[in-house]
Amino acid sequence: MDLLTFLSDYSEVGFGSIVVAVVVLIITGRLVPITTHRRELERERARGDEWKEAHGTSEQGRKAALEQNGALLAGVRIADKFYRDFLPPVPDEHTIPHMTGGSDVAV
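Counting from 1, one number per residue, gives the positions in the sequence shown under the UniProt record's numbering.
To be clear, the hints were calculated from the coordinates, so they are not data collected in a lab. None of the values given here were measured: they were computed from a predicted structure. It is possible that part of the hints are untrue.
Stated by the list, open to error - Lysine to aspartate or glutamate pairs mimicking DMTMM-like chemistry, simulated, CA-CA at most 25 angstroms apart:
1) 81 x 92
2) 63 x 44
3) 63 x 42
4) 52 x 42
5) 63 x 53
6) 81 x 67
7) 52 x 67
8) 63 x 50
Said to hold, decoys possible - Quick list of simulated restraints, FRET-style, between CB atoms:
9) 50 x 85: 48 to 58 angstroms
10) 79 x 58: 26 to 36 angstroms
11) 86 x 49: 52 to 62 angstroms
No residue lacks a Cβ here, since even glycine has one placed at the ideal position from N, Cα and C.
Between the sequences and the hints, there should be enough to build the whole structure, so can you do that?
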């Protein structure tokens, strides 16, 4: 058996042993210190909590805007009904002539 055959048979053993050693070091916390890993996990949890809080604030703002828009829409409906019921139509060159009531539809 010559040297090249011997090395080719065992060439992957070195790589495999390095991979196993790195995995063992990571699992035991020697390659990446466990305190660093825990610190990063805690940062991720804190970031998730910030996102949840921001989402809650956003939802409150969205609900407030929805309520305000609903109130404004109710006011517009009341004004529209008043104008359609009590004011005569104002004809001009852009209104449809056969429409009756206030606020004729513009073309």
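Outcome of the hint check:
no.: 1; hint: 81 x 92; in the structure: holds, 21 angstroms
no.: 2; hint: 63 x 44; in the structure: violated, 29 angstroms
no.: 3; hint: 63 x 42; in the structure: violated, 32 angstroms
no.: 4; hint: 52 x 42; in the structure: holds, 15 angstroms
no.: 5; hint: 63 x 53; in the structure: holds, 15 angstroms
no.: 6; hint: 81 x 67; in the structure: holds, 21 angstroms
no.: 7; hint: 52 x 67; in the structure: holds, 23 angstroms
no.: 8; hint: 63 x 50; in the structure: holds, 20 angstroms
no.: 9; hint: 50 x 85: 48 to 58 angstroms; in the structure: holds, 53 angstroms
no.: 10; hint: 79 x 58: 26 to 36 angstroms; in the structure: holds, 31 angstroms
no.: 11; hint: 86 x 49: 52 to 62 angstroms; in the structure: holds, 56 angstroms
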